[in-house]
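From first to last, the protein sequence lines stand for chains A and B. Converting from the first sequence to this note's numbering requires adding 26 to each position, the first position being numbered 1. Converting from the second sequence to this note's numbering requires adding 274 to each position, the first position being numbered 1.
Any given hint might turn out to be false.
[Said to hold, decoys possible] Chain B stretches covered by chain A per the calculated footprint, using a threshold of three residues with CB under 8 Å from any CB of chain A:
(1) 506 to 519
(2) 678 to 684
[Claimed, not checked] Distance condition first, Cα-Cα at most 30 Å in a straight line; then the derived DSSO-like pairs of lysine-lysine:
(3) A:Lys173 <-> B:Lys416
(4) A:Lys388 <-> A:Lys97
(5) B:Lys761 <-> A:Lys400
(6) A:Lys223 <-> B:Lys281
[Claimed, not checked] Over 12 Å on every C-beta distance to chain A, these chain B residues come out as not near it, computed from the model:
(7) Val284
(8) Gly429
(9) Val438
(10) Thr664
(11) Ala756
Just so you know, these hints were derived from the structure itself, not from any lab. Note that the Cβ used here is the ideal one computed from N, Cα and C, for glycine as well.
Spelled out, the chains give:
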Amino acid sequence: MAESDNPISRRTLLAGATLGLASWRLWAAQPAEIKVGLLVPLSGLYARPGNVMRHGAEMAIDHINAQGGVKALGGVRLGLSVIDCGDTTEKAKNAAQRMVAQQTDLVAAIGAYLSSFTLAVTEVTERASLPLLTLSYADSITDRGFKYVFQTSATAQAQAEQALPEIMKLAQAATGKRPQTVAIITDNTGASIASVKPMRERLLAANGLKLVVDETFTPPLADATSLVQKVRSARPDLLFFLPTVISDAKLVLEKMNEFGLGQGRIPTVSFGIAIAEPDMLQTVAPEFLQGVLTCVANWGFKGHEALIAEFKSRYKEPWMTQNAISTYGDMWVIKNALEAAGKADRASVATALRTMNGGPSKYYPGGEVRFDAKGRRVGAGMTVVQWQSGIPVTVMPPQLAMAQPVWPKK
Amino acid sequence: MKLFTLKPSVPVLLFAAVFAAVSLSITNSYYQLMMTLVLVWAVFGLSWNLLSGYTGLISFGHAAFFGIGAYTTVLGQIYFDITPWLLIPMGALFGGLAGLLVGFPTFRLQGHYFALAMLAYPLAILYVFEWLGFQEVSLPIKRESPIAYMQFADGRVYTLLALVLLVGTALLTQYIERSRFGRALLAIKQNAAAAEAAGINTFAWKLRAITLSGAIASGIGAFYAIVLLVVTPQSVFGMLVSAQALTVAMFGGIGTVWGPIIGAVILIPLAEVLQAGLGSRLPGIQGVIFGLAIIAVVLIAPEGLFWKIRDVVRKRRPHAPVVVEAAETAGPVGAAAPAFERTPATGEVILEVRGLSRSFSGLNAVQEVSFQLQRNAILGIIGPNGAGKTTLFNLLNGFLRPDAGTVWLDGRDMTGRKPHELCEAGIGRTFQVMRPFLRMSVADNVIVGAFVRAKTDQEARQHAAAAIERVGLAAIADRLAAELTTKELRLMELARALASQPKVLLLDETLAGLGSQEAEEVVGVIRRLAAEGVTIAIIEHTMQTMVKLVDRFLVLDHGAVLVEGLPESVTRDPRVIEAYLGKKWAGHADH
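Extracted from the complex, chain B is given alone in its bound form:
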């Protein structure tokens, strides 16, 4: 069912071969320049895509890197007489450093705030360069040794050089896409919190992404200076430059190597043709048409042309009978579940919580909560809405830092650690609101969780496959998450948490939104996991299912522990009934 069955690098090389052939056959220097510029903006789009396309952190400021590269080339040649052959890699190096410097403070910001902060960098640098007096800097012509200074009379050489940069960037992007790096970035894009919970050090990966992205943007900016010959702050640090990266990538498709390439191949010549054809007759109309074309495509294909085309192609192909098989193989878990025998809790404490408290501006969301979780036990955490159940989980897996209290995992104090550290230490969790990576297959979704324990990509794949097998989704491992039912998605999330081979699994309303039959099936899987030796804490509303599933109950109300004990006693406890149903019913508890 995979779209590209052949090696992913093959289409890229094929594209490069065709592009080179077309370029070599063009003798008109203007068309040749267009060929070069298509590649320049495609590479710039790819650099943007590497950060923003894969992590979802939209950068409005990639011109910062682009401009640093461009100025490296002109200033390096003018003041130090260094050849662009060396200045382009140097520019990339500076761009990488700039990425690191920019990323370090800026990644503390989320979403729109990140985008806005990024917008500021090139604008600030623009003024610095104007202030330094670099308003218009031109590359000196080297009449004696043109080739040593990358100055060719034949424009085709520039196109071929740009093509080398494009192929390099595209293959690198594809390699990253398939590796742990790319999956980490995708996980961050879908849900940064979930990614942290899956053991991904989001800050470190984002920093790597912006460093690499900055290096590529700066490298192509350094090359662009050679083509443009005159560098002005506006032409390399300007708003339009940053926008160009966004435009080609968003038009062509975000989060794929083909997006920026498609975008550049269509938009750059289109803009020029309009400029050339209409610019002197109806000045300004070219901008209007260009804008309208982009708006139209964005309306028809909001995620870009590539994804739209892929969706159309996928719909045309009939689904293989996998669907039927899946239903059959996924079936047994539900029916057979009650038969599983479980080794009873050992009495050995694996997770111990002492006096845990957290308040939000005066509201005590969790106060003085203490409990112990024994190895192999299933602990049910219940309580009315707003009782602090999810907050408790967030404290346990590191999303929130406790104001007071300690968390001990396997005898180690893990209080206040970061989510990815806690995941590494053995705490896995799922979320009340599911955040599957819809465009990825089940296997790819699950593998995100596997990297934390796996040293190699191969090992990660094995862990993921094992986890999928354990929840009974092996038959539909290749399906896209977007095609799954709610139950299958819940199981997939479970598998993702399992892939990190946790000691303790925190399940947040895993049964929410399921029909009773489906809920039974998922409960069966949870039981089987417990039987296999996983310790589980589960938040749930539906008491009936829980009574059959858990060993002990922890009842929270107003952030504090109300009761802790065996299911039979807890369900009869008047305080529990009062918390759930109100005072009126509490009196009926024993009847």
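With the rest of the complex left out, here is chain A:
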């Protein structure tokens, strides 16, 4: 068929297409909403915390949009793009690659719960120059000289350094004397090891604590008898217990009670949020948890009362964990960066995050909303949470506490 026979010439088609493309471009220049990526595990082992992060993000977006969106950009709304990063490092990396390749309109992202996922994901986002905020607290995340990762939690090492003096102070205030001896029962997952390592190396000694039992186990435990027996015979003033898997927490706590060490007879301190997750109540009786302390990077604290109430009623969650509150806060940080940048592109947002000086932090404990050269939040603090009557509440630091800490007296 000759070209001229065709009533609609190729040129007409081309012109039409160009017109269409041009008008689309015009429309695209004024986006209906600015997209923020949320790359978290929604399937597999870590789906539950991933979903809680999603709830935090959704709530923040609703609040931001209800308050007029990004004002510097004419009140444009924020939108959430949720991507499942699965339950392995490889899946997380693939998901990150998919996010940067197919969602080129993202201005920033939040992710990816587990620090090993965050490490893998940021390898991709760094190369794509996409700013990423994370609540993961492994020191290594911000030790690689990356320019596009922003860590809102205190790092594991910083947390361990802050936590011990706080605990010592608390004990001394309650009992009148400093604890002398400590037992450690930890599993061998990345986060637990990262917390325990600096303690063993120097922090225990620096705080005048003598390590009398030091046990590392591989989850899941089949039986906690031998572990708890060692604690019983050593009778330490403190027990540091770092589980990641809830069933392990259950076994050890129940065994402690069985041996008459529970409910604070040996004050038990954990690190990380595993022991304060709502799931705990499904397997462990609240009285066994009574008094258990845990040091976490973030938790719903004083000033969040309305937020916590809304979160509880909206998502039928019993309380607001680090995953919810930090992600909620992350979204506000991104919103503020957009206001400062005045442009909806990732390079400007990254610059705004680096130069941001957001004053005292509202949704993270301690410090400011400002990042240092490594991407760590300046002055990032932590919270100490205690199980009281079936609910883990923030008890330290005093200015953030929602309840008085209870220290068991022998």
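For this one, chain A is given, so just place chain B on it according to the hints.
Coordinates of chain B only, in the frame set by chain A:
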């Protein structure tokens, strides 16, 4: 009748060319990553296939090698600042060493025990790496000299590098498949005992296979670390990694170079598409669908897609008239057999057995058996069920070690030697229960037995062809063993034993399961072999056939020699009749 008439490397190169072309046309970095990962898992599947696919020893622990490679790359770069260009070959080297170390103790185990033991290695190493504090190790970005450290902005380079590794592994696999190495492995898979009897040093070949397999797995693991950028013990030593190798290979087809490739090309993108498409909407459903897809394929094509497709293709093609020809050419052996004249036994002793005994937890399976086998003679070994006939053979060819007694072959003491050593020394045997390599042609089945005497593959082929000719199967040498009749299979097994050019041939119930006409034909072949100078010991139940065939009888009962002598006297011996028929009949012996 061959499926691939063109050189086997051609389809591999063709696949690589198409894959490269597709890869070069993709600019989306995510799709490019998928292209790379398909190749990574295909190579890993091939490494698994090299050991488990060909030897049948299922490894649940290939992650051990994979992880060693991955950690070689990250730790080597972090602590010694070595470039991955060198670390990948180094990783392969470490993997090979690990294979050797793992194989040495583990190959003492059989079947399921081997699989379970293999499962333990990566799990153990996983904890070691966690204990060492390598929970999360990331490859440092080299902003100054990215290419020297294998860091490319363009994902296509990774795909092409992986493609080079795949082509290399695939061609190596194909080369091995065709060589003595591959046939030895296949023989081990079908029947390790038979392989030993055919002169294959199974332990040595298995060790070579796991070394090579470990090296390849480790090499691709080292490359994978570059793509993944962050290495955690779970991501390289975890159960899922070992399972990935099994999944792609079993899905695509075991024991062929195409299996892991087909498996990876389908499964890796499928898993990703499901993850991407459904992961954020119905979290978890991707795993369910992926699992169901695998179950469906395994049910429809239990040996993998490749074999299913090949079987369908083969069925479509009509059989050439070879079948008819085969029947005709195979015919003469039976009819013409009685005409063969045999040089009588020379009186020179080739095999001498003295006081051979073996007991199993109190049961004396063989006790104090002594006899001599003269060159060119046919010795019939008979006796009721459980008399110890097969045990005697197992002692003679080395499957079992005698508790007492000696075996002399051609004047050399061969007592307690390994089967492959005895085969090399000149003892060939067939088995009561046939173990043909069903997916291989007659010629390929027989060649397995030929390697023990042949220095080159070419020589082995000649020996095999000669052996096939001698049993009269020349016309159907290209047929698959699966298509043969029982008689043809018996003859093929005979040829396999003959291909090692044995001095003494031990035949264990070679006539079992044959009709009288067929049995006649096989007896004809045995006679002809004897006429050609092979010394034969044969176990058989049917007395009638034996009387016509053998020079002497050795009668066993309860593990001991009852009578030894000429056929006429043995068949009349009351003790023999009693052993076979019971006391009541013994009195009738002379009537």
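Hint check:
{"no.": "1", "hint": "506 to 519", "verdict": "holds (count 5)"}
{"no.": "2", "hint": "678 to 684", "verdict": "violated (count 0)"}
{"no.": "3", "hint": "A:Lys173 <-> B:Lys416", "verdict": "holds, 14 Å"}
{"no.": "4", "hint": "A:Lys388 <-> A:Lys97", "verdict": "holds, 20 Å"}
{"no.": "5", "hint": "B:Lys761 <-> A:Lys400", "verdict": "violated, 78 Å"}
{"no.": "6", "hint": "A:Lys223 <-> B:Lys281", "verdict": "violated, 59 Å"}
{"no.": "7", "hint": "Val284", "verdict": "holds, 33 Å"}
{"no.": "8", "hint": "Gly429", "verdict": "violated, 9 Å"}
{"no.": "9", "hint": "Val438", "verdict": "holds, 22 Å"}
{"no.": "10", "hint": "Thr664", "verdict": "holds, 46 Å"}
{"no.": "11", "hint": "Ala756", "verdict": "holds, 40 Å"}
Checked against the numbered hints given earlier, this structure breaks hints 2, 5, 6 and 8; the rest are met.
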